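J.: Each chain is listed here by its residues.
Protein chains: 2
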Amino acid sequence: MSSEDEDDRVFKALGNRLRRRILDALKDRPATTGTLCEAFPELDRCTVMQHLKVLEEADLVIVRRDGRERWNHLNALPIQALHQRWIGSYAAYAAQGLLKLKTGLEGSAD
Amino acid sequence: MSSEDEDDRVFKALGNRLRRRILDALKDRPATTGTLCEAFPELDRCTVMQHLKVLEEADLVIVRRDGRERWNHLNALPIQALHQRWIGSYAAYAAQGLLKLKTGLEGSAD
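The listed protein sequences correspond, in order, to chains A and B. Whatever position you read off the first sequence (first residue = 1), add 295 for our numbering. Whatever position you read off the second sequence (first residue = 1), add 295 for our numbering.
If you're looking for bench data, these hints aren't it; they were derived computationally from the structure. The reader is advised that the hints may include incorrect statements.
Note that the list lumps identical chains together, so a pair holds whenever it fits in one copy or between two copies.
Straight line, CA to CA, 27 Å or less: simulated DSSO-like cross-link-like pairs of lysine-lysine [as the list claims (entries may be wrong)]: (1) Lys322 / Lys348; (2) Lys397 / Lys348; (3) Lys322 / Lys397.
These figures come from a predicted structure and were not determined experimentally.
With the rest of the complex left out, here is chain A:
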């Protein structure tokens, strides 16, 4: 699979807001599939598992099995790679500063 194929999968996976919310839920700690289903009571288990499969295929989620439990871990590497592709280490500091400024200005405009 080429790197561009991998990127296609990453952006397809991130293009859905429910999948983005699942990644949000995994940001601070891994979660079992059961815990994730409880966190999204509006979705049936099958839907959550389908979204997790797309995220796993894009390598944004890594699954580890422990007995009967599936633990889902956020994998930061594809996100770091696209950051590196268009920002790079040198510009990251400046971009970070600008983002803080923008968030600050938006907050003060409320």
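Given the coordinates of chain A, assemble chain B onto it according to the supplied hints.
T.: Quick look at chain B alone, frame taken from chain A:
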């Protein structure tokens, strides 16, 4: 427009590999639309402009006009924002190290 609507546009824009190549071409310096068309001789001008429009709507490209020229600038902020959303400042250093390790290992496997 909600932040999720903005993210939908960003990922839709990045989901196309030609648009990703246009962003690559803008990484180091801004370019006029004419220069970009020359850089992609396999595409007609109309196609390049359509892709630029999608990138501009996603705020990934900012256009400045200078006389009759349109200068296209890469805007790093949406990419920085999604990096911040799932990685954050504290984990960035570790993710950066892991990415270097992965790239190094892949390179040594050639």
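J.: For which of the previously enumerated hints does the structure constitute a violation, in increasing order of number?
T.: The structure breaks none of the hints.
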